[in-house]
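Student: The residues making up each chain are set out below.
There are 2 protein chains.
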Amino acid sequence: MELDLIRRLSAPNTTKVLLCVLDGLGGMPGPRGRTELEEAHPRHLDRLAEEGVSGQTIPVGYGITTGSGPGHLALFGYDPLQFEVGRGVLEATGIDFPLGPNDLAARGNLCTVGADGLITDRRAGRIATEKTAEICDLLQREVHLDGVEMFIRPVREHRFALVFRGEGLRPELNETDPQREGVAPLEIVATDPAAERTAALAREFVAQARRLLGDRDQANALTLRGWATPPSLPQFPELWKLRAAAVAVYPMYRGLARLVGMDVLPTGTTFESEIETLRANWDNYDFFFMHFKYTDSAGEDGDFARKVKAIQDFDAKVPELLALNPNVLVIAGDHSTPAVMADHSWHPVPTVIHGDHTRTDAVHRFNEPETLNGGLGIFPAKELLPIAFAHARRLSRFGA
Amino acid sequence: MELDLIRRLSAPNTTKVLLCVLDGLGGMPGPRGRTELEEAHPRHLDRLAEEGVSGQTIPVGYGITTGSGPGHLALFGYDPLQFEVGRGVLEATGIDFPLGPNDLAARGNLCTVGADGLITDRRAGRIATEKTAEICDLLQREVHLDGVEMFIRPVREHRFALVFRGEGLRPELNETDPQREGVAPLEIVATDPAAERTAALAREFVAQARRLLGDRDQANALTLRGWATPPSLPQFPELWKLRAAAVAVYPMYRGLARLVGMDVLPTGTTFESEIETLRANWDNYDFFFMHFKYTDSAGEDGDFARKVKAIQDFDAKVPELLALNPNVLVIAGDHSTPAVMADHSWHPVPTVIHGDHTRTDAVHRFNEPETLNGGLGIFPAKELLPIAFAHARRLSRFGA
Chain A
1 MELDLIRRLS
11 APNTTKVLLC
21 VLDGLGGMPG
31 PRGRTELEEA
41 HPRHLDRLAE
51 EGVSGQTIPV
61 GYGITTGSGP
71 GHLALFGYDP
81 LQFEVGRGVL
91 EATGIDFPLG
101 PNDLAARGNL
111 CTVGADGLIT
121 DRRAGRIATE
131 KTAEICDLLQ
141 REVHLDGVEM
151 FIRPVREHRF
161 ALVFRGEGLR
171 PELNETDPQR
181 EGVAPLEIVA
191 TDPAAERTAA
201 LAREFVAQAR
211 RLLGDRDQAN
221 ALTLRGWATP
231 PSLPQFPELW
241 KLRAAAVAVY
251 PMYRGLARLV
261 GMDVLPTGTT
271 FESEIETLRA
281 NWDNYDFFFM
291 HFKYTDSAGE
301 DGDFARKVKA
311 IQDFDAKVPE
321 LLALNPNVLV
331 IAGDHSTPAV
341 MADHSWHPVP
351 TVIHGDHTRT
361 DAVHRFNEPE
371 TLNGGLGIFP
381 AKELLPIAFA
391 HARRLSRFGA
Chain B
1 MELDLIRRLS
11 APNTTKVLLC
21 VLDGLGGMPG
31 PRGRTELEEA
41 HPRHLDRLAE
51 EGVSGQTIPV
61 GYGITTGSGP
71 GHLALFGYDP
81 LQFEVGRGVL
91 EATGIDFPLG
101 PNDLAARGNL
111 CTVGADGLIT
121 DRRAGRIATE
131 KTAEICDLLQ
141 REVHLDGVEM
151 FIRPVREHRF
161 ALVFRGEGLR
171 PELNETDPQR
181 EGVAPLEIVA
191 TDPAAERTAA
201 LAREFVAQAR
211 RLLGDRDQAN
221 ALTLRGWATP
231 PSLPQFPELW
241 KLRAAAVAVY
251 PMYRGLARLV
261 GMDVLPTGTT
271 FESEIETLRA
281 NWDNYDFFFM
291 HFKYTDSAGE
301 DGDFARKVKA
311 IQDFDAKVPE
321 LLALNPNVLV
331 IAGDHSTPAV
341 MADHSWHPVP
351 TVIHGDHTRT
361 DAVHRFNEPE
371 TLNGGLGIFP
381 AKELLPIAFA
391 HARRLSRFGA
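Line order of the protein sequences matches chains A and B. Heads up: the first sequence runs through residues 1 to 400, numbered per my numbering. Heads up: the second sequence runs through residues 1 to 400, numbered per my numbering.
Treat the hints with care, since some could be wrong.
Same chains, same names: a pair is fine if it fits in one copy or spans any two.
[Stated by the list, open to error] Only pairs whose alpha carbons sit at most 20 angstroms apart, straight line, appear in this in silico SDA-like list of lysine to any residue:
| no. | residue 1 | residue 2 |
| --- | --- | --- |
| 1 | 293 | 123 |
| 2 | 131 | 215 |
| 3 | 241 | 64 |
| 4 | 293 | 400 |
Calculated directly from the structure, the hints in this document are not laboratory data.
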């Protein structure tokens, strides 16, 4: 549904919608000819499929293998081809940095250069995160730029996130990592004339950083890439006229939820703590997005058995979700991560809507072959939430 | 997938993709209540469906009966509603005339006029192709136009193709066939002021032709229609970053393939020779389009049994195609031509993708009723090739 139409038709109600995203949910037949979901035989998810209405989502488009960022935007109801989230923005949101509308974000690597300025180690020996944190603290204190605020935060090992905040900053800058050693980091240049001032600021940042780090044997220089400004995403609570909360262990998903205007709830580091957080906040919100990471990480590792186990672990908690009595419970995936491919893929993703007003179909099992026969058909992921909100009677009639 | 996105995500690989188009593949239940595909019981195609992933393509749009031109453009990944190929262009490409970007093409008919200039036979007695060839040779030699090159080629019987080559030629000209006898061929006029110069050139061509043919009893005049310039189609090898070849017996399909930038391989006049050509060139290309005509011609003739036989003839050769070991083999049709309709139709067309990374579905037979349950669903034909290239790992990830 177009966002303008959502804005026009959405209507407040007292119903509650819970969207559970199992990251990389979709799979493929493994060693025994059955997919992860078939092998897992998840009896609670199967019951949701039996009682609810199933289908398969196409995350971004036919044949497109998506990253988790666009995959989630689609599940939040946004067309990921229209709203692109740049890598610098994902890196900053991924460490819970609260990006604002005037921010320009980049991903950074600490590297090591010799006396001649040529890179000897592009990753500074994969320096410990704590060391990177110390360096970031130093640069945060000592670097001063005219007319913009600067924020620098450690990510992991040699990686950091850099944010400039100010009016008129532009992302049209080149990447400065030459992708090999024995050469100097590239100069920052504007790839669009409108970005000349931003390029000058970035060069000044690099120059000051080089002076401050120059005495070090290791991690005495840096490279920057993935320059991006936050997309101006229409805000979810305003579009849908409701209070929306996100529960996610991993920072990137919290960051994405924050970009669309959801309240990000503090939670622990386990799925159990996510459920606890959900329960504690159940009365305060109309919509919840809850993220489950472990299906994807197992799939990415090519570990079929562990992905099966992750599905079973999620499945075991479904009764606790149902006990909250959501009007509509949605189980979805942001993309497929078949363990046999050890990678994200383009294959459509099983989904099920359970709760009020679902017209049941003949699907009895929540898996790839069966959900093909579901009442939702195969459809774009960005339409899933509008359908769910329809079931929650949060969309008014179109026309008379 | 939008072409800009293809350009951005396509990535070279060593995989090979073979697209086999069975012209007019889709059918309808015949005398015994079974479709041509059901009746044919093609065991090799059934095996592809069993092992691969099936679905049905909508050639151009819901309810649209398409010609082979737009039907093929869609299978090549282009939106046929965005890129229209005019009839003059199809006629010229249909006789292997290599159209260039500054060409204007028309379809021509030789006709017979009386001493009063009024048409006595719109088709010049369906004059023999060899006679039309002689007339074309004469006009090619003797007609001279200021500022443009002219090419005239026989097609079949009284029909010929006319091409003007030069800067600024415009297709906004009327058709000069009055569609009845007893009146003169119409004057050529510009239907847009920008085409005045082109109209004058075309009138000059007609005038010189009339003088050169005036002494003849038959085929002493001509009519022109279908004025068209070649569409500027983004080129397939550049879009997909690969080497693409076409193998087709019939000229129109070679012409269409040439328009999108495929190499058109010389081949014989039978499907056996097409396979031979495919085999001989297998190492030199990444993508092959192979065309099989006989399903459509039988369907158009309303010959149910012959269409069944054509499917079986193709089926018998599938092992030879598999022996080439393509990473991805796609079986598709450009449109349906149900024998019971003796015509093209709008019905969706069965398709199957076989090879690497296919997520299997419950389809065991390659026919209309069964492919409805396929993992690809019912989807736009222009998305088929992006999906196939995804299976061939020739599309990189979208976003992080």
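Student: Just pull the numbers of the violated hints for me, sorted ascending.
Tutor: 1
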